[in-house]
Structure formats: C-alpha cells, structure tokens
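> Chain by chain, the residues:
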Amino acid sequence: MTTHFITAEIDLQESPVAMQQAIEAELQKRGQPLRWAVTDVNVEQQKAYVDAIVTSDVEISSSVATV
Amino acid sequence: MIQRPYTVLLIVPTGIGAAIGGYAGDALPVARAIAQVADCLITHPNVLNGAQLYWPLPNALYVEGYGLDQFAAGQWGLRSVHQNRVGLVLDQAIEPELRVRHLQAADATRATLGLNLTDYVVTDAPLGVELRTADSGATWGTIQNPDSLLRAVEKLITQAGAEAIAVVARFPDDTGSEALQQYRHGQGVDPLAGAEAVISHLVVRTFQIPCAHAPALSPLPIDPEISPRSAAEELGYTFLPCVLAGLSKAPQFVTQRSYASSESELWGDRVDAVVIPETACGGSAVLSFSQSQARIITVRENQTKMQVPPTVLGIKAIQVTSYLEAIGVLVAHRAGISPAALQPHIAPIRRLFV
Numbered sequence: 000m001t002t003h004f005i006t007a008e009i010d011l012q013e014s015p016v017a018m019q020q021a022i023e024a025e026l027q028k029r030g031q032p033l034r035w036a037v038t039d040v041n042v043e044q045q046k047a048y049v050d051a052i053v054t055s056d057v058e059i060s061s062s063v064a065t066v
Numbered sequence: 000m001i002q003r004p005y006t007v008l009l010i011v012p013t014g015i016g017a018a019i020g021g022y023a024g025d026a027l028p029v030a031r032a033i034a035q036v037a038d039c040l041i042t043h044p045n046v047l048n049g050a051q052l053y054w055p056l057p058n059a060l061y062v063e064g065y066g067l068d069q070f071a072a073g074q075w076g077l078r079s080v081h082q083n084r085v086g087l088v089l090d091q092a093i094e095p096e097l098r099v100r101h102l103q104a105a106d107a108t109r110a111t112l113g114l115n116l117t118d119y120v121v122t123d124a125p126l127g128v129e130l131r132t133a134d135s136g137a138t139w140g141t142i143q144n145p146d147s148l149l150r151a152v153e154k155l156i157t158q159a160g161a162e163a164i165a166v167v168a169r170f171p172d173d174t175g176s177e178a179l180q181q182y183r184h185g186q187g188v189d190p191l192a193g194a195e196a197v198i199s200h201l202v203v204r205t206f207q208i209p210c211a212h213a214p215a216l217s218p219l220p221i222d223p224e225i226s227p228r229s230a231a232e233e234l235g236y237t238f239l240p241c242v243l244a245g246l247s248k249a250p251q252f253v254t255q256r257s258y259a260s261s262e263s264e265l266w267g268d269r270v271d272a273v274v275i276p277e278t279a280c281g282g283s284a285v286l287s288f289s290q291s292q293a294r295i296i297t298v299r300e301n302q303t304k305m306q307v308p309p310t311v312l313g314i315k316a317i318q319v320t321s322y323l324e325a326i327g328v329l330v331a332h333r334a335g336i337s338p339a340a341l342q343p344h345i346a347p348i349r350r351l352f353v
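Heads up: the protein sequence lines correspond to chains Y and G, in order.
Letter by letter, the first sequence follows residues 0 to 66 in numbering that gives the first Met the number 0.
Letter by letter, the second sequence follows residues 0 to 353 in numbering that gives the first Met the number 0.
Hint data in this document are derived by calculation from the structure and do not stem from the laboratory.
Just the calculated beta-carbon pair ranges, DEER-fashion:
1. Y:Gln45 to G:Ser176: 32 to 40 angstroms
2. Y:Asp10 to G:Glu300: 25 to 33 angstroms
3. G:Gln342 to Y:Asp56: 50 to 58 angstroms
4. G:Pro55 to Y:Asp10: 43 to 51 angstroms
5. Y:Asp10 to G:Thr111: 52 to 60 angstroms
6. Y:Gln27 to G:Gly327: 36 to 44 angstroms
7. G:Leu341 to Y:Gln27: 44 to 52 angstroms
8. G:Ser176 to Y:Glu8: 27 to 35 angstroms
9. G:Thr320 to Y:Val42: 22 to 30 angstroms
10. G:Ala72 to Y:Asp10: 15 to 23 angstroms
11. Y:Glu8 to G:Gln290: 20 to 28 angstroms
12. G:Pro338 to Y:Val42: 25 to 33 angstroms
As the structure is a prediction and not an experimental result, all values here were calculated from the model.
The beta-carbon is built from N, C-alpha and C at its ideal position, and this holds for glycine as well.
In isolation and in its complexed conformation, chain G is listed as follows (with noise of 0.2 angstroms):
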C-alpha cells in the first residue's frame, strides 16, 4: 500500500505583525525548511513572497487566505496544475512611469523565467486603496471602487482566457510616516498587508481563481539601516516578480467534490498538521481544523498583535518554542513517534475505569 503524502499547512496571517514572516517574505526559510519534512507543503502568498525574492518549491502549493479558509472548512479542494496562464490587472491610478516598471517585470518574467501571461488590463476607474489600523493592532484597508477590479478580472477570465489572477493596486506613498518606518527597521505591523488581503480575498471569492496582490509604490528614500527582514522590498522597482512566479503554479479550487477526484486533487480532511503563530489561533482556518485529525503545531516565538492563543478558545495543540521545535514535531508525528517519548519523563501507563 502507498503511504499518504505527508501534508502541513504552514499560516502566517498577513498584516498583525508577526515577528518571523510579517516582513518581505521572512518567512519563507521556515517554508524552505518545513517542505523538506513534509510530502506537501501548503502555504500562502505572504508566506512565499519577498518581492524581488522567492524560491520555487515543487512540493509546495501557493494559495490564497480566502482560498486557504474554504479548503479548511472542507468547502474547496486544491487541484496541482503544471502552468497557469496568468492574468495582470493594473489599477488606473498608477502613473505611466510606474506603469512601465510593473510591464516590465512582467515582461522579463516571460522572457527570463518563461512564465505564460495573457495581455493586462488596467481597470475603468482608480480602485482607491485607503489604509487603516485597528485598535487589536492589524492592519486592514478599503477599496472604494471594488466594482473596477472585478470587471477587470472577468475580462481577463473570459477574454484572454486567464487561469489565475495578479492585481497591481496603487497604494498610498507614505513615506514620512512612523509606521514605514518602524516596519522598514524590522519592527511593528506591515501597513499595507492588510489591505492587500482585501483585494486578494474579494477576488478569490468572486471567482474561485488562483489570485495574489503586490503594490505599487514609489521608490522609496534609501535608508542604510533597514532590517533584513524587511530588505527585499528595497530591491527594485516593484514587488511583482514574486506574484507571477507563484501564481504561474498555483493549485485551482475544485469546488465541488466528486466520489472519483483524481489523485492530483487535495481536500481538507488530507492535511496532517498546522503550524502557526501561538498568538495567532483565532483565524478561520485553525478553527476549522481545530475539529480535524490534524495536529495543531503552535510556535510561542513568532509573537503577533495578537491575543488568541489556543486554550482560550479551546484548542488542543501542541505548543513549541520555535520553528526549529516545531519542524521535529513535524518529523516526530511523520515517522510515528510521539513527541513524548523524546523527553527524558515519561509517565506510566495509566488504566481508565470502565
């Protein structure tokens, strides 16, 4: 008999500052390393994407939050493809050099990477990005004309034939702000990831298609002092490359589940483990499978803006220090091994009455 594929879902939520992955793709060593223990490795694009950076992962599936949260819920499965042609959507606000720029990323990922694009389309209106901080310390945003961008991805759907979606947004320049600047230096939440999530979900969610966001900025200041977390974002002109590159690969949502799914598609109900930030445990997709066989692998280092850890809201989870801990649990529960018998007391066996 084939043994299951060994498979973990890796969530760093996007926009509540979480100290190892709510950077420029910082956390995507720990996605580099977990997808050496694992048979498949799901993950999501603020967890992949730095921008310039990023690390093709053959056993790795790039899907997005929304997406992420219907295939917990057992509503989506994923189905692996080996190309999608990727459509790009321009937000009218940006301004022709910019424009430029972002054409030209994309143009050198056909050229240089040999990804397969449709034509672009600019959306009819200015989609009108505000940023905002909540009060728990997220960030989150609005778009003010969300009609624009949906008519701009159903052209690229039905007239270029667009499998999967990369929406440029023109968000604000912020550049004096306290905010820029703590999160350049390594510190505080991401002001614009969670407007970004917005954009990404509300697409997902119209069309069931693979879709991921990056910003259009302009270049900012150079500053000797910024933190590696946060560097590859001062690489170049744009944050697109990242976006293609995943997307190009992206897994499609299969969203009606059939008694003879093929081998290539994967539901809820195969994942083995979730790992996540320990303050992080109020997410839609760890409440879904706090309900499954899946292990829920929580990591007390990556500290958050958050205040949900698993017992306050009744989930069981076995909680670690550090990725490093976390990745040997991984290989622990792979090879059958209970973590327990790894520690130097072990409790006797004990008898329940009947």
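Next up, chain Y with everything else stripped away, as it sits in the complex (with noise of 0.2 angstroms):
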C-alpha cells in the first residue's frame, strides 16, 4: 500500500449532498479516499478545490484532476 496527496478541480454542485458525492466519486478514480477537505472556491468559475489522500495497492502520480 502507498499514500498519495493529490488535489482536484470539481464543479460546483446544486447541494452540499451533490458536492460530497461528485468529490467522493472523483477520489474513488484516484485510490481510496483517506482524507479530503474542499479549500477553496471560485464563486465565478463554479470550481471546488479540494486537497485529498488516498491510498492505493499501486504506484499514482501526485497530480490535479479536473472535473
């Protein structure tokens, strides 16, 4: 097992419900989520940015995801 930060781009979604399962959802592509926290956004650009760590079995490039 390895651990991984990684960050990501993620619309904005219509509730705090859509935002939490559209940031799970993109983390899930990424390894195991360990830890994340949206910290911040951009109001104009409809952008949550979120700082995560996942895990995973093989090697991942610590890299930005857009959505």
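Could you fit the two chains together into a complex? Lean on the hints.
As structure tokens, then:
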C-alpha cells in the first residue's frame, strides 16, 4: 500500500450532498480516499478545489484532476 | 417522557492553522465550555490532546477524524465504554533513548492514572514519515511503510486483545525550519498535524477501532518566547499521555445499526449542533451534517488557512463571531429559544400565500 497526496478541481454542485458525492466519485478514481477537504471555492468559475490523501496498491502520480 | 440528550459536535480540523485549536490542544478550553452546556460533546483528538496536558470530560466522546466522518455520514455509530485496553505501537525508527521515554510515559499512565495497556509492539520496519505543505496552506504527509504499521496494529488486536491503538511514529526533526519556529510562537500551521491524521485515519479505516497518534521528536532547545498556545508541547519528552488518556475511554465504533440498538449507542441523527471554524466548512463531516436537522454554527474568529465559508457550498449555518457567542446559540437552541428573539429588532411574522 502507498499513500498519496492529490488535488482535484470539481464543478460546484447544486447542493452539499451532491458536492460530497462528486468529490468522493472523483477521488475513488485515484485510490481509496483517506482524508479530504474542499480548501477553496471559485464562485465565478464554479469550481471547488480539493486536497486529499488517498491510498493505493499501485504507484500513482500526485497530480491535479479536473472534473 | 425523558428528553433527548443535547448533543454537540465540535470540530477544529487538524493542520489548517486554526487560530484556536491549531496548536497544542488549545481548543480544549472551548471543549470544556461546550461540555458544560451540552449533555454529550463529541470531538476529536486535535481538540482534546495537549501533549502532557489533558482534561477528562465525563460527557465527552473522543473520536478520531476518520471515524467522525463515518459517524457524520451515518455509516458508523459510537458505543460508549467504561474502559479500553490500549495497545501501543512504536515506530522502529525511534532511537533507543527516545523509546525508553515513551515506554516510561506509558508505564506512568498505568501506575499514576490506572490505565489499562496491553504489551507494546515495535513496527517491523521504520514507518518513514515525510512532511509536506500543500499550496492551500494545509499540512499533510505520507508514510513509506503503511503496511508495517497495519501489521503491528493487527498483532496488538489479535494477540494482545487491544481495544484501542496509540501510535508513536518518529517524525523528522526540523529544528531550524521557519514553519516550526512560527508554530512554537503561535503562528502558522502545525507542520506535523496533517501527517498525524494520515496515520490515525489509516488505522481507523482498516480496523474500525479507536486510534490516536503522538509524534516522537528530539527535545527542542529552550525558547523563552514560546506562545502559550504551543507551550503544552514544551513540557516533557513525549506527547503520549493525552493520547493514552483519551483512548482509554474512547467510544467503540459500531458498523451495523440494529433496531434494538442500546442506549449506549449514538448515531449521527442524534446530533443537535455542529460547531466549526467559519472558513473550514469543506470537510466531509460538515457536508454530511448540512443535510441533517443539526444546526451548523460557524465561528468567524477562528480563522484558518482554508477559504470555504458555508455560503459558497450552499450550507445553511448560523454564523457567529466567537465561541462565546456560539455557546449562547447552543444554550438558546437547547432551551427551545430562537436566537432571533434575543436580538433588539424582530421582524413581524409574514403570510405565505398558497
């Protein structure tokens, strides 16, 4: 197992529950989410910026994903 | 009919430079105050751990952050206990003298506090903790050998009967760094906190058992200018006592809800209020509770490096300036009094048209 820090840009959703689901769906693509938080929001661009730690059984790059 | 217990969740996220609670257990006075107006306070190690200092709160539940997120999402419940047998994991990278210091701290909690500890385990490889700071300003970290940590925990659970896990990992000494100097002077972000959360989250996610972490570090040179908010970490050789004290009565996690769940079980739908720094509303637990009946109370004075107030994510919240004001909101809510009724101007009631 390896631990990785990743960031992601997620489109703002219409509700907090939809936001949570969108974040977790994106992080699942990159590993098993361990800890995450939205760190900033750009209302004009309708983007939320997420820092996350994920675990993986394979090596993954620490990069930014845009959704 | 017996009134339902008034239950408050207090969150000060780790490693984001919270002005109150971002240092050495310096949100503990907030927790003590809220515990006086709540029947049950749920909070996490970052709030309650002050290295050598801690304060037993009979009505507080000490819940690690990953477990809190699961609790908030309704996936896990909390089952209160009278006592846990605490197992201790020591990183193989800890030097012999520093290891003795930690073992003596553990023995001290047995002899002086009466805590119940199992035998300890040393990991079969150095854990390899590395510290980083994200562009957001939050600290984080990785461990090179997470499997070694998990093997040690498994041994404590299966062979020693541990019911909660304290982990001591050797963290890098960074004596001359600007971040450490700022932290000791009550500014900036705790450089260790993000990596600590990774360690405890990993154990809780894997074993569904209470866990908390204390870093092992070489003693720092004396500094007469230490901030009171950071001073608790200058008192001794280890940060372990508060962790062992907290874990000794930490609630166990329940992963299946049954109709016959006992009174000692608590689930997220019993939370009445969540108190959080105003700019730190982007965590999983707050997003989960934003869809519940719980009041979200955000505290402006507790500034952080995050920039996520409740409004930008569509979270309905009661925004207050200080924790003193938040406590007033809690008291009013508990008493069934609208906070608006305590203000000088009250708008007249309006008609809704069908």
